[in-house]
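A.B. asks: The lines below spell out each chain.
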Amino acid sequence: MKEETSRLTSQAVRREMHSSRAVPSVIAAVLVILLCLYVMLEAALKALGQDPWLIGPEGLASWIGSLPGGIEPALLGAAGALLFIVGLIFFLAAVLPGRRARLSIPNGRAAVVVDAEVLASSLARRARVAAGVTPEQVLVTIGRRLVDVQVRPTSGIPLDEQAVQAAVEDELRRTAVDPVPEVRVAVAPSGVIGQ
Amino acid sequence: MNQTPRTINRILLALFGLILMAAGAFTAALAVPAVARWWEAASVEAGRAIGHLLDATTLEGQRDSWLWLVLALLMVLTVILMITWIANQGKGRSGVLAHDGGAHHSGGRDDDGTHAGSPGNGTAAGDVTINSAVAEQALKAALAERVDLVNSSVSTWEFKGQPALKIRVFPRQGVAPYVVAEEVSALVQALDVTLGTQTPVLISISSGARTRFTRAERVR
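Keeping their order, the protein sequence lines are chains W and V.
Quick note on the numbering used here: the first sequence kicks off at 1 and runs consecutively.
Quick note on the numbering used here: the second sequence kicks off at 1 and runs consecutively.
Chain W is faced by these chain V residues, among others (derived, beta-carbon under 8 angstroms):
{"id": "1", "residue": "MET1"}
{"id": "2", "residue": "VAL79"}
{"id": "3", "residue": "VAL175"}
Keep in mind that the hints were calculated from the coordinates and are not lab data.
These numbers were taken from a predicted model, which means no experiment stands behind them.
Cβ coordinates follow ideal geometry from the N, Cα and C atoms, glycine included.
I would like the entire structure built from these sequences, with the hints used as guidance.
C.D. replies: Dropping the structure here:
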């Protein structure tokens, strides 16, 4: 692989692992547009000397100035808290790292990113084959440092926990996920009947 | 892979969030009697200042200040900026996979036959443009034959000023992602050889609604 291509490839991996925040951005932009259109309308009416549509600038200013006149403190507090929480959601969307549930697989030619869900279903399949149970009896959760495998054995049939662990670890090693997560297999104490 | 302005997204979102948080905190604080008393005095003061400003900016013979027109224009400008911001999300699709020409004619590599013995060295006169549809359709046709994939999509994007391929595949449940990655990258290498160029490639192995509701496995 050419040097420039490999540099761009590693940049693409880093970009794909994080959210672009396009959805909150569009929501915020639409909200600002709606507010601006309304303020523009009222300002234009005022400039042309027309009557205000809903509430004129003076009316709004005197209402804000008279706060909290006549409004119950509890209502005011609740409205403020609601506004604060909405703001906090947008702020956190911007400030948090925005990591997506994805993993990257090293590859000689291309940048490869895998949804955690895809890897989880492939691990679940290996675990299921090793344990000899049906798909419904295995649940795999992938975290950043831990792969959690939950198996419900079939009632009366012993289950080899070590074999499941080895199979899942082998699949992870083949996938070459970096960093290698720890595997934890949990076998449910009660089995299911009639599988 | 697209040209979404990620830094601007973060800055503007943080700003928007902070303004909302400040407005919310102020509204909630008004419920406290001490703050309400302070606001009563401060708002009268602020109202007087705004009144003076409006009086000062009212032209003779006019009823209202020209600041209202300025405000309306500012709002139009903000709306235009916001629409630009929205339009920039997810931008960057490209129709050209590779372009070869122009650059080879400079730096002493002229069409004087010095490289005539080595064809394909970019010495011939003229430009070569490979349309992105070439790679997209070739890869899509190759991926469509596979039974372990529910669906796939191939698109070309302009990434850091260079064309790049994005291959999105949706494997069936339980298919090992490393197998898919290896086989798709083998296809990409075959494409490299065919086209004679090497573009950055992103292989995205995803799960979608269709993978969840189709049968888990098939005989391969």
